[in-house]
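Undergrad: Letter by letter, the chains look like this.
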Amino acid sequence: MSDLNVRYVAELARLQLTEEEIEKYQSQLGQILDHMEKLQEVDVSGIQATAHANPVYDVMREDAVEPDRRLSQEEALSNAPQRSHDQFRVTKIVE
Amino acid sequence: MDPCKLTISQLRTAYKAGELTPKDAVQSLAAAIEAKDGDLGGYLSHDLDSALAEAETADPSLPLGGVPIAIKDLINVKGQPCSCASKILAGKYTSPYDATVITRLREAGAIPFGRTNMDEFAMGSSNENSGIQPAKNPWDPTRIPGGSSGGSALVVAADTAIAALGSDTGGSIRQPASHCGCVGLKPTYGRVSRYGLVAFASSLDQIGPITKTVKDSALLLRAIAGHDRFDSTSVNQEVPNYLSGLTGDVKGLKIGLPKEYFAEGLDAGVRQAVEKAIAQLEAAGAETVEISLPHTEYALAVYYIIAPAEASANLARFDGVRYGHRAENPTDLLDHYRRSREEGFGDEVKRRIILGTYVLSSGYHDAYYVQAQKVRTRIREDFTEAFKKVDVIASPVCPTPAFKIGDRSDDPLQMYLADIYTLAANLSGVCGISVPCGLVNTEGTPLPVGLQLLGKAFGEGDILRAAHAYEQAVNWRDLIY
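Just so you know, the sequences run in chain order P and W.
First residue of the first sequence: 112, per our numbering; consecutive thereafter.
First residue of the second sequence: 1330, per our numbering; consecutive thereafter.
Same shape as in the complex, but just chain W:
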């Protein structure tokens, strides 16, 4: 039995039956990384010795006992590097503490193993902005794995991980999960603590699981969710047992189809796959209704004001004083700051710092930033209205399957359009999941695409239940469009 190919649930069953040990799993993953990851670029580092030591003492009776979990390289794990795929931190920073999600994973018995590649500071939709190494889609290595959690998605898809954690600020879990054929869940804002997550845009960021199945997603979410006094934005609300809701039954579930998400710009194959998946849910007893999210066309502009504004403030901490890159022989303090940051940050990060600093600067703050925050209120209201009528909203995750590496790198606005169906969930704070719904033949290559299911705030149970019922009803690898 090859442990790398197993899901969390299957691995736990194998442990309990005595067929495998946590040490077997860690060693097999290390061998798979050695064999496959050099070409795919999913991992930035992995510490076999520490994982083996943890495997020795793992307790398989715990909910995630002895299960290795790959971690996006912007979540602090004590004693491990945390580079955010940036030259400003790579080789220059070792985490002195565990993020709360890591503490929770350890309490559940899991073993954090491997640091996954990403767009630098989570800024990007293709993983092409990694400051360390390129990342490739396992379905077609000439294509992007998606981003920014591209590494986390590709290692799960390539069976070089059992499951992974990512982070989602505008689609960074759901979009790469869709492109790689995995399940990716962005929890409700406040559901999961961000203590120990390197901040990109603090009013949008959430940590979430990328897994092979919906059941694994529920298992991992249950382990990491919940209030944390170290993150004042986390919400003190009970974490349900998501697993008990995975009944396969969606009878009576009301699914809204936002007409704005099925408009022009959507690839014909993606549309077909998503519409077929919705029909499948209808056949299983769900009801569908057309709804409207009238401010959808403004989400991209709102996001690309608010996220860079918050990023420009969050990234001010990279000043070459307490950690990270420091320029050689500065002439004075200003020169120290300016050259340390110029040398350490990559192209997209600088572009967003400039954009964010501009929209916050004197004379422009009200016209851009405050206006964007007000339109954000309109977008939230759209969702509040919609969720009075429906339990779940279904849509594509991304307008096209994974594009070719290099295709959009000279045109930032074109690149940003990859996020149009995912951004609004972050702006409104609701939860969302991407579940694979088939393969779209693209220039002769079958590429996975995802169905996005959005749920109301703290409605993770609804989207997990619907995604699970869909997953059980089909074999998505056989659905070719």
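Excised from the complex, chain P in its bound form:
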């Protein structure tokens, strides 16, 4: 089942791996995926998937400002790698 292509998956994950990393992960993850093959032997017909260990559904809250978890603009920007004009400065995305 597994035909992992680490180079392609790294593109999806936005990771610029080195050639050495690609080679290493290809072999290590191949072994790990082989181990995972054993899941195919479990009979899961009619079984629901578990997404959460203790399912809690449809938790609603008021659509209102929560004063006790509001960050000021300065707090929100305090960890920005680059900022200008009270905003996050980002790499250009339009020509």
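Be a bit skeptical, because a hint or two may be false.
Covered stretches of chain W (in silico footprint by chain P; criterion: 3 or more residues with CB under 8 angstroms from a CB of chain P, positions within the stretch not fixed) [said to hold, decoys possible]:
id: 1; stretch: 1335-1349
id: 2; stretch: 1423-1437
id: 3; stretch: 1516-1525
id: 4; stretch: 1560-1567
id: 5; stretch: 1659-1666
id: 6; stretch: 1699-1711
Simulated DEER-style distance windows between Cβ atoms [as the list claims (entries may be wrong)]:
id: 7; chain 1: W; residue 1: ASP1739; chain 2: P; residue 2: GLN159; range: 37 to 45 angstroms
id: 8; chain 1: P; residue 1: GLU131; chain 2: W; residue 2: LEU1662; range: 23 to 31 angstroms
id: 9; chain 1: W; residue 1: THR1660; chain 2: P; residue 2: GLY157; range: 18 to 26 angstroms
id: 10; chain 1: W; residue 1: GLU1772; chain 2: P; residue 2: GLU177; range: 53 to 61 angstroms
The hints are simulated quantities; they were obtained by calculation from the structure and are not laboratory data.
This one's a predicted model, so the numbers in the text were calculated from it and none came from an experiment.
Glycine included, every Cβ here is placed at the ideal spot set by N, Cα and C.
Please arrange chain W on chain P, whose structure you already have, making use of the hints.
TA: Below, chain W alone, put in the same frame as chain P:
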């Protein structure tokens, strides 16, 4: 009196008797960190000034009044760094808010003091994946302290902390507690709010205490547990007074022994220590029955699909835009993302992002991720069935005592096997505790091992009661195998 050696309860007694002040405790811990932690690597940072300021105004009449608590470096404490032991955040991030567990600790009077080392983003079982500094086991510094909450466990064991908070996604509280000789508790999924915890695998993560005694574990859990409207997965259910259940009595308690957890691969010394501990509980009046958790052999595969899948999504937020490392002079946005993440993340984190992205990718999602979620349902059913027959399930925490630093670092699958007895509790959501049950002579060195007691969902009272009764009945440091 050296405050560092005290438990939470003892420290509170000393405060009330006027023998010590919170300031004494903070200053003594700072001195102990200075003297011992350079070699052990348990702390990534500590802010003495802010802790002393809080100690000045501490109110010892509160349940944790003036008690310093060390915090794993992935829980946000306002004004403190929160690096997750990753280069992507170290030196580049200061928390702008308190996690809910920190708010609750403060309400109970505690003083968050010190940021503990860990595997990067909690991914690991040995603390060898810390992107900042190595961490060592105080019982033998050539060995791992366990992980991922290795720092939290080792500082409690080394008396450079009174108690600590950790987080447990697949065993990350219980396993290092076992390796260091502390008490580590993973609460039921939904018992403790994760608001302000940096997310690793959101359907598995729980915050919990690492302490010197079971009583301290109950005290700390009581302070942090409970519903939080900021975490929609937290459950609105009353928090019992766990302390009142610590009677030392286990008469009539039904303990299940899962045959799959005592099979091959279990170290002979660990088996002996755990079997002796179970016999001790029997002698105190508990009943034991053999049970079966038939899907145990699949837990590792299920976990290492679901946890990396969720991690790959959670770690997408580290894009070098709002916080964290940003690569220099990116040529375009893709280059910005790719190089920022490549430069910031360590080896194991990248390995799991690749694995998680793969099992979620088009064409593989159903075969891996959905299949794993369905087998997860089978594992949950195993526990539901078992808890119809028993109150508590007893097992080892880890198949071996702490291994040597470097021994498994080239073989991820071998490393992942360290978690085989702890993973299922996270997959099924039940609670679990690790309590020290003796020392196993390993190549001439006595190393602590833990007894794991699993309880049904919201059954923390049961496992605390059993662990406490065991702890009171023996002196585990004298039990050498």
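Undergrad: Now tell me if each hint is right for this structure.
TA: Results of checking the hints against the structure:
1. Only residues whose C-beta sits within less than 8 angstroms of a C-beta in chain P count toward coverage, and the stretch 1335-1349 of chain W has 0 of them, not enough to reach three; the restraint is violated.
2. Taking a C-beta to C-beta cut-off of 8 angstroms, the stretch 1423-1437 of chain W contributes 3 residues in contact with chain P, enough for the three needed, and the coverage statement holds.
3. Judged by the Cβ-Cβ criterion of 8 angstroms, the stretch 1516-1525 of chain W is covered by chain P as claimed, because 3 of its residues qualify and three suffice.
4. Under a criterion of three residues with beta carbons nearer than 8 angstroms to beta carbons of chain P, the stated coverage of the stretch 1560-1567 of chain W is upheld, 3 such residues being counted.
5. Interface restraint, the stretch 1659-1666 of chain W with chain P: holds (7 residues with C-beta to C-beta distance below 8 angstroms; minimum three).
6. Three residues within the 8 angstroms Cβ limit are the bar, and the stretch 1699-1711 of chain W against chain P gives 10, so the coverage statement holds.
7. At about 39 angstroms, the CB distance of ASP1739(W) to GLN159(P) agrees with the hint of 37 to 45 angstroms.
8. Distance hint for GLU131(P) and LEU1662(W): a CB-CB separation of about 26 angstroms, consistent with the stated range 23 to 31 angstroms.
9. At roughly 52 angstroms, the beta-carbon separation of THR1660(W) and GLY157(P) lies outside the given 18 to 26 angstroms, and the hint is violated.
10. Checking the proposed 53 to 61 angstroms range against GLU1772(W) and GLU177(P) shows it holds: the Cβ atoms sit about 55 angstroms from each other.
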